[in-house]
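Number of protein chains: 2
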Amino acid sequence: MTESTYSFKVGMTCSGCSGAVDRILSKTAGVSKYEISLENQTVVVHSTLSKDEVFEAIKKSGKPVEAL
Amino acid sequence: MTESTYSFKVGMTCSGCSGAVDRILSKTAGVSKYEISLENQTVVVHSTLSKDEVFEAIKKSGKPVEAL
Chain B
330 MTESTYSFKV GMTCSGCSGA VDRILSKTAG VSKYEISLEN QTVVVHSTLS
380 KDEVFEAIKK SGKPVEAL
Chain Z
330 MTESTYSFKV GMTCSGCSGA VDRILSKTAG VSKYEISLEN QTVVVHSTLS
380 KDEVFEAIKK SGKPVEAL
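Residue numbers (the numbering used here), protein chains in the order written: chain B, 330 to 397; chain Z, 330 to 397.
Wrong hints could be hidden among the right ones.
Since copy identity is lost for identical chains, a pair holds within one copy or between any two.
[To be verified] Derived SDA-like pairs (lysine to any residue); straight-line CA-CA distance at most 20 Å:
1. K362 / S333
2. K362 / V394
3. K380 / E368
4. K338 / G348
No lab work stands behind these hints, which were simulated from the structure alone.
Using the sequences provided together with the hints, build the complete structure.
Here it is as structure tokens:
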């Protein structure tokens, strides 16, 4: 399956916030790799899912998310 | 429907963490009221849902959750 790379702006204010996003993405089937930057408030995801599907997965965290 | 009150220990380390749990519970159908204490790391939920259902809703945040 083709893999795409998507970037999101995610409101994370401490390592507990970024850790929560980490925990969610690690359990999301179809997500192979991701980088979370607390400093830049960004999450970059490599996935066979659609951008919308990844967006919804991150949104479940309750954090403010915006597609970049 | 009968409403029950459930307590959980939730790992929240900043107001972004508690805000995320707040956002999730505010959107969970069947949850009428809740109190989140960042200081005590607790979430008390009044709901017509089962304790397991509320547990799963909070767990979606990616935060460490424990039923009390």
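For this session: Up to 20 Å between alpha-carbons, please classify K338 paired with G348: within, between, both or neither.
Result: This pair counts as both: shortest intra-copy Cα distance 15 Å, inter-copy 17 Å.
For this session: Check K362 against V394 for me: Cα-Cα at most 20 Å, and say if that holds within a copy, between copies, both or neither.
Result: within (18 Å within a copy, 25 Å between copies)
Exercise. Between copies, within a copy, both or neither: which fits K362 and S333 at Cα up to 20 Å?
Worked result: Result: close within a single copy only, 11 Å intra versus 40 Å inter.
For this session: First find the shortest C-alpha distance between K380 and E368 inside one copy, then the shortest across copies, and answer within, between, both or neither for a cut-off of 20 Å.
Result: Intra 23 Å, inter 36 Å, cutoff 20 Å: neither.
Hint 3 from the list above is the single one not met by this structure.
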